[in-house]
Structure formats: C-alpha cells, structure tokens
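S.K.: Below, each chain spelled out in residue letters.
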Amino acid sequence: MELDPVIHAPARLQIVSLLAAAQEAEFGFVRDTVGVSDSVLSKHGSALEAAGYVAVRKGYVGKRPKTWFKLTDKGRAAFTAYVENLQRIVAPSGLSVTPDKRA
Amino acid sequence: MNPEEAAQSLATIRQTQAKALRSEPWFPHWYTTGVGVFVTGGQFVTEPGTPIPVMIGGGLVLLAGLAILAFLMVRRRRMAAHRSLMTGSGSVAFAVWLVGSIALDIALTFWLTFAEVPYGRTYGALAMTVFMAATGPFVARWISDRMARRVESGR
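Sequence lines, in order, name chains F and H. Letter by letter, the first sequence follows residues 12 to 114 of the working numbering. Letter by letter, the second sequence follows residues 14 to 168 of the working numbering.
Please note that the accuracy of each hint is not assured.
Which bits of chain F does chain H cover? Going by a derived footprint, with three or more residues having C-beta under 8 Å, they are [said to hold, decoys possible]: (1) 21-31; (2) 35-43; (3) 48-61.
Calculated directly from the structure, the hints in this document are not laboratory data. Where a beta carbon is used, it is the ideal one built from N, C-alpha and C, also for glycine.
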C-alpha cells in the first residue's frame, strides 16, 4: 500500500493534520502547535502549496505581515485517503490508536 | 510501513488535531460580547424620546463598530475549527446558550417595561451582554473540548 509521499514526512503530516481540523490557521499558530521553526514551516508550507494541497493567504494585522494556511479540496482528499490507508494497515493488527496522553 | 508505525501515525494525527482544537475557543468571546454591545447600543439609541441626531449619529457609530468587529474576527483569529468537527452536543450547547441569552434579554425587557422603568429595553440588552461576556468563554472552551474529545476517540 503506497502512502502519499507529499504528506508522509512527520512534520508535514502534523501540519496537514492540523489544517484538516481547521477552516484556516495562522502561520504562528501552526508553528507553535506543531513545534517547528519558522524556516521549517515555510519550507513545508511551500512544498504543500506547490503540490496544490495548501492555499496560502497573506495579509496584514496592523503593520505586521501575517500568513494563513488552508487545506484545499485536493489536500483534504489526500489527507482523508492517507488516513484511510493508515487505518487499513492498522486494522488487521488490532492495535490501539489512542493518543499518548503524556506527550 | 508496519502496523505499529501506522498506529503511531494515526495517534499523532489525532493528538495534533486535539491539541490545536483545545488551543483556541470555538468562538472568540469578545466577538459575541461585541455583538451584545451593538444590540445594547441599538436599543439605547432607539428608545422613545431619543433626539433624531443622536439616533442617527449613534446608529452610524454602532454600524462602524460592528464592521470593525467583523474585520477583527476575520483577521485576528489564529485558527477556526473546521465545521465538520462540530459535535451534536456542541451545537445544542451553543443554541441553548444563545437562545438563553436572548430569552434573558426579552424577559427582563418585558418586566422592566411593565414596571415602567425608563430604558427597559436597554437594560434588558445590557443584561444579555453581561451574561454573554461572563459565560461565553466557558461555553466556547467546552465546545472546543468536545470537538477535541471527538477527534481523540476517532469518531
């Protein structure tokens, strides 16, 4: 079973997961929640945008430039397919997917 | 990818989404409080006996305030939860809270009007605004938490 290579990298999977739960998310919020640096988020954001998975909107709040990310329909479909593939891999094993509360 | 790695990836996805959802209240309480202030102001400037210039000037100020509020809502929000994650209990809680706030306004307005208290409508709307400001943050956080729990449970 082939998993989407655009989403597969750990940091990118977290970014896409967060965006899948959001209508739209601001750059700083994504950075802080995922726990990556500005440059890493910029790099992954550009790659996801190039793949057509993420739409990037730029604007200002006062004089400060801001960037917002939004998962496109294509990105949402790719994420859904990715999760379904993961579930297909896990299902036969009977493993639990409950998040680790300690993290 | 083996089943253990896939299970870990699914857990990471749910954990990331739950963390994001819990980080922000489902709606910013300053917005609903601002709408309450707009309603209160609207009642005040339309009370019987209000001079026409005050009515028009006040109305324009209130409309400008509402436009600024809507602008800030779009620009200042760090994350808005996706509508597909809304739970049934969250929808009911929000509806009950909103209808309860309005009912408080109407009940107090009627009571004060029958008691012939001046500016009864304004006091009714003011009570609604105070109620929304005091309880809105808890309602918004509770709804966010319900959404996060839904994600964590994989439903």
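S.K.: Are the hints correct? Go through all of them and say.
M.R.: The hints, checked one at a time:
1. 21-31: Since three or more residues must qualify, the claim that chain H covers the region 21-31 of chain F holds, with 6 doing so at under 8 Å.
2. 35-43: holds (count 5)
3. 48-61: Per the Cβ count (0), the hint is violated.
In summary, the one numbered hint that this structure violates is 3.
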